[in-house]
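Visitor: Chain Y: place on chain A using the hints.
Residue-level listing of the chains:
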Amino acid sequence: MYHSFEVDGVDHTLWLSASRHGYRLHLRDEVIAPVAFTERSDSSGILTIAGQSEPVRFVIDGELIHLHIRGRTRTLRYIDPLGAYAAGNDGTCPLVARAPMPGRVVAITVSPGDSVSAGTALMMIESMKLETIIRSPQDGIVERIHVKENESFEHDAVLVTLSKEGF
Amino acid sequence: MPQLPFDTVLIANRGEIAARIVKTLRKLGLRSAVAYHEIDARTPAVSMADLAIQISGNTPIASYLDTRQIIAAADQARAGALHPGYGLLSENAEFARAVTDTGIAFIGPLPDTIELMGDKIRARNFVQSNGFPVTPCVIEEDDPATFASRAQAMGAPLLVKPSAGGGGKGMRIVRDLNTLEAAIEQARSEAGRYFGDARLYAERHLEYPRHIEVQVLGDRLGNVVHLYERECSVQRRFQKIIEETPSPALSQELRARICDTAVRIARAANYRNAGTVEFLLSGDDFYFLEMNTRLQVEHPVTEMITGVDLVAEQIYAAAGRELAFSQSDIVSNGHAIELRLYAEAPERGYAPTTGKVLLLEYPNDVRIDSGIMQGQHITPAFDPMLAKIIVHSPSRMESVLKAHRAVRELVLLGCETNANLLARIVSDEAFLGGHFHVGYLEQNPHLAAGNFSAGMSAFLASAALLTRPVRDSADAVPELHSALGNWRN
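Those protein sequences? They're chains A and Y, same order as listed. First residue of the first sequence? That's 462 in our numbering, and the numbers climb one at a time after it. First residue of the second sequence? That's 624 in our numbering, and the numbers climb one at a time after it.
Same shape as in the complex, but just chain Y:
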């Protein structure tokens, strides 16, 4: 293969994804550089990268969003390409243009594609006009004066959404049409606050659909392939926590149909690089939700079942290479599950948690994409995701068992996490049977609440025996005829 046109890649990201990208760069014989804020000095990516360049800002997050500093860091590293990871600047078309304009290859699709898919209304219209299914919807700016009455005419339940949205922010479900006006006002004010863009639309709300998405890869020559689907229905507050592939909800026929639809949408958009087409599945019908023009958090499950390194493919695509395989070369093998470890307390309404990682031990025989190290402080400055546990087995049942074992073997002391919840989900009957949807956790609050007193006596016994004053007071009054234990410290 011809040499890549660059030998150094700047990673404009942090946490587990920055570390994961470094690994592939190393494998491809490329130099890795990361731009990092001081607060992240003790993280895996900074310690693993060949070069780490410090950036600063009013807040840690502001420094990672500072286009000027990021591009200056790329220059300083003599990087010929830039990987944006996910989140942060990864879906910012202006940023992608600025990077390209300085002669650095942006590892992602064309800025115009990012722009098209980043605007939810334009993306919907584009997909619909190409003949693909979208949920019925009305758009405010078509005729602002009649927006509420047009939404009303569509009937409940409705979802009012910001056009510029993402991550569930500003979204309102309307089940009672009398509350529609209030929901529109709330969504408008949140949209203005979060995205600086108050435009709205309303769509038919599917009650408890499943979230199915398809990984696609495209090259400069117009070749597009899919790498099968991912099921991401286990969510809390519109945020995914467990993903798997293949989806237990799809028949072979439906799987082929949804994957083919994703390829045709990507092809229509002249899509280059890795991307994900998201759908909502209700019964045997699926509807386009949105397209993410970047690497997804949950990409590893696809890598496990296909054996394709998606970051390597992104780098090849950005270098202008033709895809090295065709659709029939991509074989789905076994079953993979990803569990997202978050610094949060599901038992207390998923409140974010903080602390210092005092002890960290990962399970063996599974893939861990980690953004933390022992000794690191977990702060509220960023998204609470700490690490991902990825398992791969021949069957779904074996994967589920492996995931359960792995999450119970993981030891992280010093910062509360959602590990107990993850263990409860992967041993829950509905999850084991593959019967769940995006409302699964909301409908099963006992999963988040947990069993407060389960196994408490072992904890109390350990704490008592490890606490000097508690043992001292027992030792001070030894039982008659009993010898003192041979306790130290």
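So here's chain A without its partners, still in its complex pose:
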């Protein structure tokens, strides 16, 4: 069964399967095994991944998982599969990048026809005097850019339409 974690606005789909020495981690384009996590206290543990051991500091706060690994801090949000299913992303509709808040386009960094990966910066927007990067939610091809530089948009407006690679 697939599960999703959101990191900095990008969804990562994965699943775990049981293996002889722990679990296998199935990511979009690779399988890593074995993986295991040993909790040492309520906020620390050891991640074993592909033969390497990494100390991990963590705090779980509802759906948020705060992690510190190898000097780097990230927060991942677990996306409830029932909620994600209800949103109807069944893979047949074109993918879109939407505006997380009302704002204005500062710079567009891709063109129609460009091949992008999940996390590729599509454009820089400005909202409430803060600049934010809009990233591609998945791998695909830029089909259409719906806004021009300097143009304003409302919350949830479709900024970029992507098509799946190979379509």
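The set of hints was computed from the structure by calculation and includes no laboratory data.
Listed next, the in silico EDC-like pairs over lysine to aspartate or glutamate satisfying Cα-Cα at most 20 angstroms (straight line): (1) Y:792 / A:587; (2) Y:646 / Y:988; (3) Y:863 / Y:913; (4) Y:979 / A:503; (5) Y:650 / Y:673; (6) A:625 / A:604; (7) A:625 / A:575; (8) Y:979 / A:522; (9) Y:792 / Y:813; (10) Y:792 / Y:808; (11) Y:979 / A:469; (12) Y:979 / Y:1006; (13) Y:792 / A:592; (14) Y:650 / Y:926; (15) Y:979 / A:524; (16) Y:792 / Y:1006.
All values reported here derive from a predicted model rather than from experimental measurement.
Guide: This is chain Y only, laid out in the frame that chain A set:
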């Protein structure tokens, strides 16, 4: 040494600097009192001080700027002296006068000196008339009608600045003289809004200079010494994020010259207490930028290389003591770096971040000046600086390595910070080589952007294994021949 004329000091500040001042007061055997807003009740300074007095206001920041309440708190604490820290009321001459008028020693220079250096145009004129270098400039109020044409005549690039400015607010860089009029209008409206003072001036803009500043100390008897320079060129939006001393940009000769210039400027201003003279360095030429009449955020790097406790010296100076050392007694030893930890997301244009500090662990063997504790909420009410990591080593390379280790060991979960950016900078080739200037981060946007996917699989693996439903669905369909893992919870 004779006893100090006061036994209690009120700290009119918050965050890391209030906590840092408490430490020195304790060391000197003085009682510490802090005035605090309710929102700061769970912060290090409030828990460390001998006495904490609550103040209030329409906003948290307004209460820390309320002269009447602060002075009442000093009275209530029976404080004989007041330390303003940095920011807030620290460079407000009216406040310094009001404190002095109630018979409380103000830990800072004379109010007249604060006033002189607080007005950027007066300060420039003063420095220039004493024969020290300033960048070419034209001042609006000399002849308002011709301000734009006089600025035009100086040529691009120009910097239009508010006379009352600070922190980069209202400043406009003009590279195309056709945009000069518009820049003047924008700067004027911002100056009026931020400072209530719309006066402007325009100066020659140095492309990519380095920011070098010199720490000075003066006493009531007119003695002034310097405690060497600090390099503060790693900045974002005119705000410093990494400082170090000695500067990798200065030869011994240039170092001596810039430090001596700072001493002579401070002496000309009859400067008492700790202060900082800021310069812009372009090649081997340096120009006076401004003088800050207070303790600086980055003062710890100076303390590390000189062994001088600057807050203690400020207190002695305010008590009227003569400096206990002369210039030749101050020796620069090793190299120190300060990293500023901010609640912000460099990856998203340095947007401020908020959250609750769920887990906080500081690295060992380095100095940490912290304004936060585990369990504390980080709110947008104040400046986003959370803490400072200060390292000291015999050489610059060792300091850089130590800083890199320390910032990677620091664990703060619950509120996003700029720690990843700090780690990227101190391992960047240009920074390692000492080749940077005030435009360094702007010219290297990859440092702020980071590598989005680096190391992602370890994060996804940990999150997956720590999330019950993800593990449950794996355990529900065990692989043939495989035993179930011995997982709990």
